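J.: From the two separate chains plus the hints, produce the assembled complex.
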Amino acid sequence: MLKKTPLGQVLGLGSAKAGTEHWWHQRVTAIAGIPLVIFLVGYLLVHRGASRAEIVASMHNPIVAILMVLTVFNLVWHMRLGLQVVIEDYVHTDHTKYALLLINTFFAVVMVVAALYAILKMSIGL
Amino acid sequence: MADTRNAGRPLSPHLQVYKKSLTMTLSIVHRITGVALSAGTLLLVWWLTAAATSDQYFDFVQAVFGSWIGKLVLFGFTWALIHHTLGGIRHLVWDVGRGFELKDVEMGARLTLAGSIILTVIVWAISLGVS
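First to last, the protein sequences are chains A and B.
Counting from 1, position 24 in the first sequence corresponds to residue 403 in my numbering; the numbering is continuous, with no gaps.
Counting from 1, position 100 in the second sequence corresponds to residue 109 in my numbering; the numbering is continuous, with no gaps.
Isolated chain B, as found in the complex (with noise of 0.2 Å):
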């Protein structure tokens, strides 16, 4: 629709142009995970359908979430959660008006990363090394 009228017209600066800055791929990250989580959403729902119908149909679901493929998806799901959940956090942060600065913005996002990741690994561990 854009190229129809004037092409050669100054346009805004657009996406590619930018240069990549952690800041902007963990807002990018923010939503892919909230999409994504969608699907975990689904997964949590099945989960519950299958504990309320039988023993065989449970035990089914819990094999394809027990079996390493289910693993890995799980893990990337308890990821994505907890990143978003901090993620989160952090725009409520900005919605009061705190955070803005230049390093607290580069801080939110390096301990968003960084506690995503740590406290991913403490539940994995807690779920696979304590059963």
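Only chain A is shown next, with the shape it has when bound in the complex (with noise of 0.2 Å):
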């Protein structure tokens, strides 16, 4: 026997049990993501053409690395958001729609450990 009353068990939660939850996360997302933009369209801008070793001393100021962080971070998160949209919009079939679930899901993890990594290293070990 469920403990808690109809409204209870209903209140704040949709049918896919996470309430606003997706939706709130795709709209803090999108706005975070707006001057992030703008600072990695102005660090590409500022460092196209630069070699390796100025890519890396760029990294060694604290305030990119962060930026750089949180832009790929906040991007990786929002992508994954809106690509479950679309693979929960066009794909119906059970498995095939879990399975790119699954690979939306990994590939967001994989693509935020990787620059998470990349940036790091550049920052302070090298």
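No lab work stands behind these hints, which were simulated from the structure alone.
Each hint can be trusted.
Covered stretches of chain A (chain B as the covering partner; in silico rule of three or more C-beta atoms under 8 Å from a C-beta of chain B):
#, region
1, 418-429
2, 459-472
Cross-link-like lysine to aspartate or glutamate pairs, in silico, EDC-like; alpha carbons within 20 Å at most:
#, chain 1, residue 1, chain 2, residue 2
3, A, Lys500, B, Asp68
4, B, Lys29, B, Glu115
5, B, Lys28, B, Glu115
6, A, Lys500, A, Glu433
7, A, Lys500, B, Asp64
8, B, Lys29, B, Asp113
Every beta carbon over 12 Å from chain A, so not counted as near; a handful from chain B, in silico:
#, residue
9, Arg18
10, Pro22
11, Leu81
Model, not experiment: these values are computed from the prediction.
Glycine residues also receive a C-beta, built at the ideal position from the N, C-alpha and C atoms.
T.: Set out below in structure tokens:
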């Protein structure tokens, strides 16, 4: 027997049992993405044609390294949420859908960890 | 699945019966640029890991991005990123309940499209011209 009242069971949760969290995270990462995209485009413009030593040196600046980590983390989070919606919208065969959703999550995690490793290595390693 | 039951039943209007509009096109483009930018993320992470690896590997990646086809691809991603960002701002305006009047929706679509093209050209003018 469920101990919760019918109202308590559904409060704040939709059919996905996650309420508005997905929608909200999409918006939070969208807003955060605006300044971070400006940073990313600016950084790439400033460092166009730079040597590897210059890129590594730029990452020694903690503000640049932290902003780059935030940029990749935010973009990848936003990407995972967006691709999830696209998969759920167009793929209606369960096993294919869940396989793609898993790949989507794995792809996002690999991207974040690889970028984090690269940025940290340049920033505090080498 | 739908045809096995009553194929003759009235159906909701489907995508192909609507007259194409700018707002509809931009909605589709917003989704396409979003999906495409996932590949752009992969390129960004590739570039970052190359910079953290070795001079030879970084030079190789820079040569790929610096080739004419590499530049063309990066030009496309620049436009996709700017278009998706401006389109995202448009969605955020709707999220706070503003800009739903037809003329505002139409104006937003035109501004997004024009803005994305102008900003992309500016970014590449800086990138190619001043280097």
